[in-house]
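There are 2 protein chains.
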Amino acid sequence: AGFFISRCIIVGDEKEEIKEAVSNALKKSEIVFITGGLGPTSDDVTRDAIAEMLQRKLFFSDAIWQKICERFYRRGIKEIPEINKRQAYIIEGAEVIENTVGTAPGMILKEAGKTLLLLPGPPAELTPMVEEWAKTLKDTSEAEIKVYRFGISGLPESSVEEKIHSFFSEKGIKYTILASPQLIEILIASRGDFKDIHIVEGFLRECFSENYLGIDPPALPVLIGNLLKEKGLKIAIAESCTGGLVGKILTDTPGSSDYFQGSFVVYSNILKRRILGVPKTVLKKYGAVSEECALYMAKGAKKKGKADISISITGIAGPSGGSKEKPVGLVYIGIGLPKNKFHIHKFIFPGNRERIRERTAYQALELLRKYLI
Amino acid sequence: AGFFISRCIIVGDEKEEIKEAVSNALKKSEIVFITGGLGPTSDDVTRDAIAEMLQRKLFFSDAIWQKICERFYRRGIKEIPEINKRQAYIIEGAEVIENTVGTAPGMILKEAGKTLLLLPGPPAELTPMVEEWAKTLKDTSEAEIKVYRFGISGLPESSVEEKIHSFFSEKGIKYTILASPQLIEILIASRGDFKDIHIVEGFLRECFSENYLGIDPPALPVLIGNLLKEKGLKIAIAESCTGGLVGKILTDTPGSSDYFQGSFVVYSNILKRRILGVPKTVLKKYGAVSEECALYMAKGAKKKGKADISISITGIAGPSGGSKEKPVGLVYIGIGLPKNKFHIHKFIFPGNRERIRERTAYQALELLRKYLI
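Just so you know, the protein sequences line up as chains A and B, in that order. Position in the first sequence (first residue = 1) + 3 = this note's numbering. Position in the second sequence (first residue = 1) + 3 = this note's numbering.
Looking at chain A on its own, in the form it has when it is part of the complex:
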């Protein structure tokens, strides 16, 4: 089993546009996913458009209306807006997929041997529905498509490509590189098991050593959480320019309370002093964005956060506040380790405010990972 994605088309809330796009997609593909436009409001026209396109009727389902009402009651809402009734209409012949997260149910439709899936737009709603549906798929004669993701951290995309290109070309292995602020992924798709997996792994490990994260590596915050749990260490953060982003990323992982004590977002200098004990003289002499301040922040976070490990971050995220000596993008990251060891790293990140903050957060986590392995 397994399918290749041929393309993805986005159209506006116009019935005719939706009908044309879906009927074209049906000509080219076995399965068509249609997402969004199942909401209660009058611009949600997908349900009607698909019914028209397939020339099928819409039926009001009492059972679905009951479920929608229960969802509102649970949230303490007694007067259910009348327009939510639109969401209880089902296309003739459809199999309903229950929506456990939101109100709009999904539908599976068969037409001339092909499958259409009507799904709500919010990813949190449609993901579990697609997973539920995928379980019902029978294996076909073809071998399963498997996608192997090899993770590389802490290097720019072009350096990764430069190092791997000739190896993969010689072996005739097709690959895709995906870059994100977290990591670089080398993707290899194969029908059935990928036979050269050990050769590729060996090559990548030799080539990237500690930057090679393995196959299907967990996300960086999960990796760090696992390392901290293994070693029985607790972490606390001191953040300035990232404003809480590092704490947010670390607590994206359920169960992070096992190792995450907290984060001191000391945006103002007064809190850097009062909460973390950065000396007034340090702030005066070197400024808040300095190696010295990062060091005191890392020390303060460890002590006040009752932690074994700390990360400190101070920098200039911009767009204003930069100078010739301290340009926008200048960031100091401190890492506090057991036995009173502290390491401060200096970076100058390109990009806008959002990008600088994001890169800073992931760079801090990547630095910590290297100290922990």
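All the given hints hold, so there is nothing to weed out.
Covered, in the sense of this in silico footprint (three residues per stretch, anywhere, with C-beta under 8 angstroms from a C-beta of chain A), are these stretches of chain B:
id	stretch
1	270 to 277
2	306 to 316
Computed, partial: chain B to chain A, Cβ under 7 angstroms:
id	residue
3	Ile13
4	Pro84
5	Glu164
6	Glu165
7	Leu248
8	Thr254
9	Ser260
10	Ser266
11	Gly354
12	Asn355
Treat the hints as calculated values from the structure; they're not laboratory data. By construction, the Cβ of each residue, glycine as well, lies at the ideal position given by its N, Cα and C atoms.
The hints should help you fit chain B onto chain A, whose structure is shown.
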């Protein structure tokens, strides 16, 4: 001037797919934006695909190569990967758009009276390039398309729709509703000035009173920042289950140091006690997720954060940790105001961990907004 977006097509890194999608789009539209696939790696094939489709040659540009090298030098990288040379190739007849954020330059191509724009994929890179290009557009005879965004906060999409539907139907005004965790937007597009703007504004103000945010309202964190600046108030946050998200959102806005003191991400109970002074007896008797704990957190944040205003958040983001009395999604939000006033609000949010945390953060900001206006 002004253009309607007809559709958006996403295809894989396959030359033939790209060529087919772009040549189809050219038949239907005046302007085609092509984004992504201009990177240095071998799966970046868009440049080659478009050159083939238009039957034009590719030229190596010394001037662009120079700029790419300078970008690397500024980042302290001396050995520039050879593969970045791919990014210095320009399609015959193209006008180059400079990329001030990344390495890949953009191109404007004219073909049979139509315009193609080749742009890099990262939004941070392509947005300024499109804005630069848009400035060069000459006015046509048609009136400009203007989009009016009316903001409504703190209400679900279906309630908003229910309240406005008959008004807009009667007036014959076409609108779209956009829902995000931050706010509901009613969008009205018009060729030239929208004449009924005052009637619509009057209606929405009467209908939604303090929930009506006005036309093109700033984002919620900006609105709050403006209110705090106007009143000369400083804010500090105490976060538990959001892990730093509220601080992150408030500091997305440049200049937030004018009013944002910091955030105490007290994820562990020991930090709730030691940093914010939540009494041990409160944690023991009522638990960390309680009205009482939220109150002490709001008090502690105000005091320790040297602030006039505070927000406190404690809840169960899940997926585990819930019970019958305290289900996943239960959140207490505290608001600390001047003159020692504190208000605690209880919520039960549906959805997964990510959604609960996001809704909690924006609900806290929305609550604060109402107390500040």
